[in-house]
Structure formats: structure tokens, C-alpha cells
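Visitor: For the protein sequence lines, the chains are A and B, in the order given.
Just so it is clear: in the first sequence, position 406 is 406 by the working numbering, and no numbers are missing.
Just so it is clear: in the second sequence, position 50 is 1050 by the working numbering, and no numbers are missing.
Watch out, some of these pointers could steer you wrong.
[Claimed, not checked] Below 20 Å or equal to it, Euclidean Cα-Cα: the simulated DMTMM-like pairs (lysine to aspartate or glutamate) are:
no.: 1; chain 1: A; residue 1: Lys199; chain 2: A; residue 2: Asp85
no.: 2; chain 1: A; residue 1: Lys355; chain 2: B; residue 2: Asp1282
no.: 3; chain 1: B; residue 1: Lys1190; chain 2: A; residue 2: Asp353
no.: 4; chain 1: B; residue 1: Lys1190; chain 2: A; residue 2: Asp332
no.: 5; chain 1: A; residue 1: Lys192; chain 2: A; residue 2: Glu539
In case anyone wonders, no lab produced these hints; they're calculated from the structure.
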Amino acid sequence: MSLLAIEKLSLKIGSLPILRDIDLSIAPGEVLGLVGESGSGKSMTALAIMQLAPASARAKGRITFDGTDILGASEQQMCALRGDDIGMIFQEPMTALNPVKTIGEQVAEGIRWHTRASRAEAEERAKKILDRVGLPEQKFALSRYPHELSGGQRQRVAIAIACALKPKLLIADEPTTALDVVLQAQILDLLKELVSENKMSLLFISHDLAVVTDMADRITILRQGTVIATGDTAQTLSEANHPYTRQLALASTHVPARVKPHVDNTGADNLLEVSNITREYPGRRRSLFSRSEPVRAVDNVSLTMKPGASVALVGRSGCGKSTLARMILALDTPTSGAIKFRGMSITGRSEADLKPARRNMQVVFQDPYGSFDPRHTVERLVAEPLHLLERRPDRKERRNMVARALHEVGLSRSDMEKYPHEFSGGQRQRLSIARAIITRPKLIVADEPVSALDVSIRAQILDLFAELNHKLGVAYLFITHDLTVARAITDDVLIMHEGRIVERGKTAQVLDQPTSEAAQALVSAAPDLHRAIARRLQEQG
Amino acid sequence: MSDAAPHREETFGDLVGRALANRSFVIGLFITLVVAGMALVSFFWTPFDVTRLIVADRMQPPSAAHWFGTDHFGRDVLSMIMLGARNSIAVALVAVVIGMGIGVPLGCWAAARGGWIDEALMRFNDVVFAFPALLSAIMITAVFGPSAVNAIIAIGIFNIPVFARVARAGALSIWPREYILAARAAGKNKTRITIEHILPNIANLLLVQGTIQFALGILAEAALSYVGLGTQPPMPSWGRMLFDAQTLMMVAPWLALFPGCAILLTVLGLNLLGDGISDIFDPRARRRI
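Same shape as in the complex, but just chain A (with noise of 0.2 Å):
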């Protein structure tokens, strides 16, 4: 008997079909893992199960849980099951938590008002549950605000408000997709081991085929709404009866080909030098006159870039590699040190004494939804950042210029009148190539540039980039916390820690025998879809 049974489930938004006949169930202590790419209806299967859908949402066919029909179930019921029977995590815990409540406030509420417990012993239920998620009272008193806590502590809060109640079955929604590596690790064995000690069900939703592999029994994969595949994790992949699956499991381990670029080496033999920089912030005022020490986000970090070379920057989050980009791009001013871009110092410099380097180097951000002004055409988007050029292009000119490195980048001369909204978030990030290769710069540095991407696009987006290597000796410096892309597309890689650059190689032998601590804890949480799914059949026999 199956604790979730959702048969023939469909999903309108006025007419816009969302999800098409789905059918999936989950037994009792069982983890079931729900992949798919951005849009495929994941995240809205999840909300019709705890029927909060949008209300403009109109559900066909039946979801039945422990007995109860959902769809049909009153707003009393469904409270009564919401936080009791059903729990669930978001992905993102930076908005996924009250800022003005404390952290045993928030997780002691549930407990109250589904048990009627009094104040003092939901408090006590609270902390033994905090404690259980790795936030003991010593360390993490139960008056804390989330703002107090790291973005992995927060996410422990997260769980534990879900799991207070022992639920029978917990919903996770991408929740390890906003954490480092080392994070993603951590999470999802407290997630695992939450599971099995309780005997809860678990629908894990991800987009990462290696993260699901690793903790989902069975596995169902979504595409614009309608069922791809479904059955044992490790089988289904293997086998990959269906394009689709043997696509994403592809992509999501392809590695571009790589052809060595085509440098003139021109000009000073190293194309960025950094010596000994230094960042540091003024620390959180205590009072009046006094301030604590203040913070190192780069501490005495040195590194050379030659013209044409791929570096991967890679760390954990927070420890200091945006803020080193920055610098590089002359953002941010470093606190000491040096850099040279050229072999001309960009440090304390004024913006019109800069624009020589500016033109030379250029940026692509993550986020392919906040990077574009949404109230200009791509035309003046992508034409940016031509005003650094010592010859203004007229207006011919310009157009010309937008089309060649629109057509550059894959997308076409008629898409210059659009606006960013219309296009998806991988022609987004396409884009923000274009804008940063029209002035034909020495120097790209991206910071992670594909980990808002789905797999299949940011297999393609790693292609144009290893294309664009090669077609303009362009060198890349990538600010990455994932692995797979350092390993697809960087020659050497540098490994900061807390402000330091602590190995650096190249990326193949640092990323196979890493020697530092960072590194290696790094390697051994990333995630990897051969591996997992290897285990899980030496597992199975």
C-alpha cells in the first residue's frame, strides 16, 4: 500500500496546461526522487499535494494520501495535515525563514499548533529537534535569528521546523540547491538519516541527476508535465530507455571539446598579475566608538593569468572568491596589494584612466534573470559596453557590431529589438556572453555562469564557452563551487579557503589528488552521477 498515490494528476493555470496525466506513488519509508528541468512541473506537483497551488490552479485526477483524498479535501483537513503529516522544505533558506521570529520560535509554533502543547514543552520539543539537525542549545541558543545564522545553518532550521512532527511523509524541494558542495553533502545525510530513523517517505525534487541518485530509491522524471520514466533509480538511469534520459544523464556530465586557442602573445608575457592583495571590511560597529576587528575576505592572495588560459577559482561559498573577482575587475578596491591587468596597475585608478582595461576585460554573472536591465532592448543591453572603445560606433556600426556578437553566440540579428523577459534563461545567459565578448576582450571572468542553468542548456552554454576560447583566445577566469564544470572546461584550477589560496595546479591532478584540507573536502562532497549510480548497483548486487 502506497502512503502517496497520485493518479492521472493534470494541472491548469487558466489555459496553460502545467501538468499532463501524472502518475506517481511513494510507499511508506520510501525516497522517491522527482528530476526535471526548470518549467517541467516539479515544484507545482509538489504544491498540488499540499494543495497549495496558485488558486488560479485547476486540478484534474486524484491524489490520495494515508487515505485522504487531497483534492478533495476541505482547507480545515489540509491544515490539519499541512506541518503534521506533511512537511516541507524550500530551496531557499534565506527567505524560507521569518527574520523577525527566533529560530525556537519558529520551529516550537508548528509544534503548538498541531499538538496544543504548552509554550514550555513545545520549547523543549523544539530543542531536542534542533539539537537532532546538528544545532545544539550550547552553541545555538534556541533565541538566535535567522539572520545570525550561515545559509546551511538556516537550512537546518528548515528542517527542523518540518520534521518537529515526525511527518509521515516530507517534501523537499530543491534544498541543497542554494549551498556549496560541502554544504549539499552535509544536509543531504542529516536528510538520509532524518528518514530512516523516523520512517518517513521522501519526495527529494532536484534538478542534479548525481544528487538524486544518491539519496532517491526510485526515481521519476518530469518533462513539460507529463511522466518521461519512471522505476529504480540506479536501473533507470543505466539503462536510459528513453532520448530524454539518456540526454540529461549526458549532459550532465558532458565535457565540451576543447581545441588550444589561437594567442597572439603580444604586449607583456603575463595577461593578469595579482601580488599579494588584500581585502579587508571594516567590522560590525559595537557601539559609538568602538568597532570588533575588522573581516579578511581576501587575505595576501597572489596569481598569474597568461593570455588565452582557462583558470577555475573554486571554493566554498563565502570564502572570498567574488570578492577576489571583483578586485580583478576593479569594482572593488584592494585593501593592499597590487594588480596588474596588462602589465598596467588598475589599482586606485580613475574610471576614465581605466578604460583601456575595462574594454579588455569582462563579465559574465550568474544569474541570468537579475544581469540585464529590464526596461532596455538587447540591442543597448548588449551594446554596453561599447562606449569603451577610443572610437565611438555610430549607429550602423553598433547594429553591426550587436549582430556579430549576437550571431556569435548563437542567437540571432532579430533578436536585438527583444527585451530580456522574452527570452529563457539560457538565451538570458547567452546574452550576457554577447555583452561581454563585443569589445573583444583578453579577459572574461564569469562568475558561476551555469549554476542557474538546467543541465542540458549548461552543457551547451559550457560549449559556446570552450568555443569562444578557441575563436578569440579569450581567457577565462571561473568562479565556480562546482566541480564538474572546473574539471570540463579549466586548465589549472586555484582552491581558496577562507580568504587564501590554498593548492593550485592543474585542474585535473588538483581535483584528483587534492593535497590541501579544502580541497579535498570539496572532492570528496561533490557530487558525481558515475559514481552513485555504480554504488547504488554494487548496493543492489
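Since the structure of chain A is already known, use the hints to place chain B on it.
Guide: Only chain B this time, still in chain A's reference frame:
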């Protein structure tokens, strides 16, 4: 990743077509044009001469001869509203322009620079904000003499901190976005980023605040006129008419009703117009209509 239909550049005709399809724009524009037209016509013609007092006709309810009735001096209310439109709209509009013209750059500057400049500007703002508006308006008019022009300046000054604050708050929420960082990486300086990226994205906020301040401006002018510091008699203004009607509310309700409706309608019209304009120019709303 399916591409939409072949894309062509939007012509002026398309823009007009989209504007006419936007209901709030059309209604707002209509109301605004009617009010503005009324004010314009009053320069050449009004049904009756409002400087002539005909005591025999005093306090007449609305009739065929006097559509909106007459006041306690026997002046035609419709003529007064037409004439008053000039003053009220001019005072409120210019005061909003002054407030925006000075307040928005100040607020944007504060947001862009941050640090002590921001702090100093905003504290100065607080001081202006905290000072009773009417009192300083009285001071200004006391020094420079009572007139409509001085009323405009006085009201305008009190619009400055309002717009400065709204602009600063809006700008602060835009600055940390990645597209600003991208613009900085493209070497644009803060002034240019403010003009190209910040202002268009906070225009909506400013437009809404503008219509609110416009309505408040009409009322502020009325308050100043009431204490004798605004528009000078015999020139009528809507606010002044409202205040004159106050004591006669029970016997002649039309005296308050019609100027009140005139203010309501103007504010409504501008509000709808502003709403419509911001919809028309928001690219995200474009293909939804």
C-alpha cells in the same frame, strides 16, 4: 527555446496603437484634456464675469442659467471653477516640478554616493520635513509678500524632501542589482548609470508620488489662500472656493460639491494617465495586452 514570430522594430504607430488600447491611459488623457481645456478656455471666455458681484442672484441652486449655481456674492460657480482651474493646476503642477526637479537628483545623488553625503542630505531632509509646512510657507510669503508665485515656491520646497526620499529609497533598491554591476564593469560612471538604469526603473514610483503631491498641492494652495497668503481675490482658486463654502455647507451644498468634484476628477485623471503611461512604457507588459 522556441523563438517568437519574426521581430520588427516598433514604429511610432505601434506605440500609439498600444496607447489607445490601454484603457486607463485613454480615460486619464480624456479627463486631463477636459480639465486643461477648461482652464485654457477661461483665458478667453467664461459664462459669467466673476469680478462682477450681483447680489440679487446670490445663493442660487444649480439651474439652466447657472449650471453649478451661484455663491454668496452672486458669482457663477462654473465660471469660478473654470478660472480657478488655472491657478490650482498651475500652483500644484509647478510645485510638483520644483519638488521633483530638486528632490529626485538629490535623492539619486545620496543613493549613488552613500556615506556621509547621504547621511547629511537625509538629515537635512528630516529637518525640512519636520518643520511645519504651513508655518514656513507663511514665513516665505511674509517676507516676499503674498502671491500665487510665492505660494508655488513655498509648496514646491516642501515637495523636495518627499521626492528625495522616494527617489533615494527606490535607487537604493536598484543599485545592488547585477545589471548595475554589469554597467559598472562596462566602465560607466555613477551619473550615467543613474540616468540610464536607475531613473527608468524608479519612474513608476516617482509618477505615483507625483500625482499624490499634485493633489496635496491643490489643498496646500487652498490652505494658504485661506489664511490670505495664496491666490489673491478676486481671482478664484478651487481650494479657496472649498474653504469659502465651508460655512455655507448646510444651506448651499453645491458650493463645496463642485470644486470638490473638480479636484477629485483632476487627481483621478492624472493618476490614470500616469498609470497608463507607465504601463505603456514597461516592456514587460508589452506583449500581454
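Visitor: Are the hints correct? Go through all of them and say.
Guide: These are the hints, each one checked on the structure:
For the suggested pair lysine 199(A) and aspartate 85(A), the alpha carbons sit about 12 Å apart, so the restraint of at most 20 Å is met. Taking the CA atoms of lysine 355(A) and aspartate 1282(B), the gap is about 32 Å. The hint is violated against a cut of 20 Å. With a C-alpha separation of about 16 Å, the suggested pair lysine 1190(B) and aspartate 353(A) falls inside the 20 Å cut-off, and the hint holds. In summary, the hint linking lysine 1190(B) to aspartate 332(A) is supported, as the alpha carbons are separated by about 14 Å, within the 20 Å threshold.
Between lysine 192(A) and glutamate 539(A), the direct Cα distance comes to roughly 16 Å. Compliance with the 20 Å bound is thereby established for this hinted pair.
Against the hints set out earlier in the document, a violation occurs for number 2 only.
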